[in-house]
Amino acid sequence: MLTPYKINEYCKEFKPEWVCAMPVGCPPEDVLVPSKHPFFRLASQRYSYTADDFKSYAEVDSQRNWGEKLPLAVGLSLIDNETKARKNLKLPMFRQFKGIIALTLNPSDGVVKQTGVHLSHYTWWRTKSFQMSNLTMLEL
Amino acid sequence: MRPLTLINTLEYYDVPQILVAADATGTNYLCTLYKNDAERGYLYLGVQISEPRLMAFVGGQLDLRDVYIHPEVENALYVVTAKQEMLTATTILQPQNLTEEMLPEAGYFYDSSDLADEAEPLTDTYQLEVPAHDRITFSTLISRMGWRASSLRNVLKGKTAIL
Numbered sequence: 000m001l002t003p004y005k006i007n008e009y010c011k012e013f014k015p016e017w018v019c020a021m022p023v024g025c026p027p028e029d030v031l032v033p034s035k036h037p038f039f040r041l042a043s044q045r046y047s048y049t050a051d052d053f054k055s056y057a058e059v060d061s062q063r064n065w066g067e068k069l070p071l072a073v074g075l076s077l078i079d080n081e082t083k084a085r086k087n088l089k090l091p092m093f094r095q096f097k098g099i100i101a102l103t104l105n106p107s108d109g110v111v112k113q114t115g116v117h118l119s120h121y122t123w124w125r126t127k128s129f130q131m132s133n134l135t136m137l138e139l
Numbered sequence: 000m001r002p003l004t005l006i007n008t009l010e011y012y013d014v015p016q017i018l019v020a021a022d023a024t025g026t027n028y029l030c031t032l033y034k035n036d037a038e039r040g041y042l043y044l045g046v047q048i049s050e051p052r053l054m055a056f057v058g059g060q061l062d063l064r065d066v067y068i069h070p071e072v073e074n075a076l077y078v079v080t081a082k083q084e085m086l087t088a089t090t091i092l093q094p095q096n097l098t099e100e101m102l103p104e105a106g107y108f109y110d111s112s113d114l115a116d117e118a119e120p121l122t123d124t125y126q127l128e129v130p131a132h133d134r135i136t137f138s139t140l141i142s143r144m145g146w147r148a149s150s151l152r153n154v155l156k157g158k159t160a161i162l
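As given, the protein sequences belong to chains U and V, one line each in that order. The first sequence begins at 0 in numbering that gives the first Met the number 0 and counts up one residue at a time. The second sequence begins at 0 in numbering that gives the first Met the number 0 and counts up one residue at a time.
Just so you know, the hints here were simulated from the structure itself, not pulled from any lab data. Heads up, none of these hints are tricks.
Derived pair list, reagent style SDA-like, types lysine to any residue, alpha-carbon separation capped at 25 Å:
(1) U:Lys89 x V:Pro51
(2) U:Lys89 x V:Val78
(3) U:Lys68 x U:Pro3
(4) U:Lys86 x V:Tyr41
(5) V:Lys82 x U:Met21
(6) U:Lys89 x V:Asp36
(7) V:Lys34 x U:Leu69
(8) U:Lys112 x V:Glu84
(9) U:Lys86 x U:Leu134
(10) U:Lys112 x U:Glu81
(11) V:Lys34 x U:Thr82
(12) U:Lys97 x V:Arg64
(13) U:Lys112 x U:Glu58
(14) U:Lys68 x V:Ser111
(15) U:Lys14 x U:Gln113
(16) V:Lys34 x U:Tyr46
Residues on chain V that point at chain U, a partial pick, calculated with CB under 8 Å:
(17) Gln16
(18) Thr31
(19) Asp113
(20) Leu114
In this text, all values refer to a predicted model and were calculated from it rather than measured experimentally. Idealized CB from N, CA, C, for every residue including glycine.
Bound conformation, chain U alone (with noise of 0.2 Å):
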């Protein structure tokens, strides 16, 4: 379930710590707060994952001007739609991806916003409570 939330009631509610600095306006004042939702994310691995596959292209590429797009950069790219997950995998960049992590998130894991041309796709500004452990590959 996604619940809409302002994100300063949700700081006040949960008090995230975020795995980075937002810059100002990032997460957007409307968020969706997850509860038990499912959601996707590519892996570079087929049978497992690795912290690296939850670094942001803002990490990634850290000296990079992001200008307007920062807010984005220093999110992750949830896809809530398994279908859609598999069918990305056929595109060239996610072609050095061979799998696909399955997550369920909860609220003290961060904020989510459909972001991107597809409503199946999402931003997620995550939090240091986000706990990789125990999350499942999908079988490809």
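Using the hints, position chain V against chain U.
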């Protein structure tokens, strides 16, 4: 080196994965990301593409891999770089020089069924007068091209075919 202007992002995951750009003459380029290069920026495989073929792809009628394997004209394939908000068509590629790392796997058909409202692909609206006896041919064409018939119903009146 040919500067391009971003027209539309069709697929986004962490960064734009598939986008449409145009050059100064209005020629469309369908660009698919294949590499993040430290020096050159994001590298896209770009192909010059006609409007009907682009619409066929956006409508889910055309495999993305086929768009690149079988370009419509010679010298249509380019490496397109994206760096600091600048899109540039650089090297011309020949189909035989394409590598697997540049290409999507077979079977990627664009899905526009779950597009966010503000992310609708660019569309044009036409008012057509189609003779009633061409109704079946016309409806077949609409279906094959993946066009939205609902928007056409509104303009087909009077002596024209109502689908």
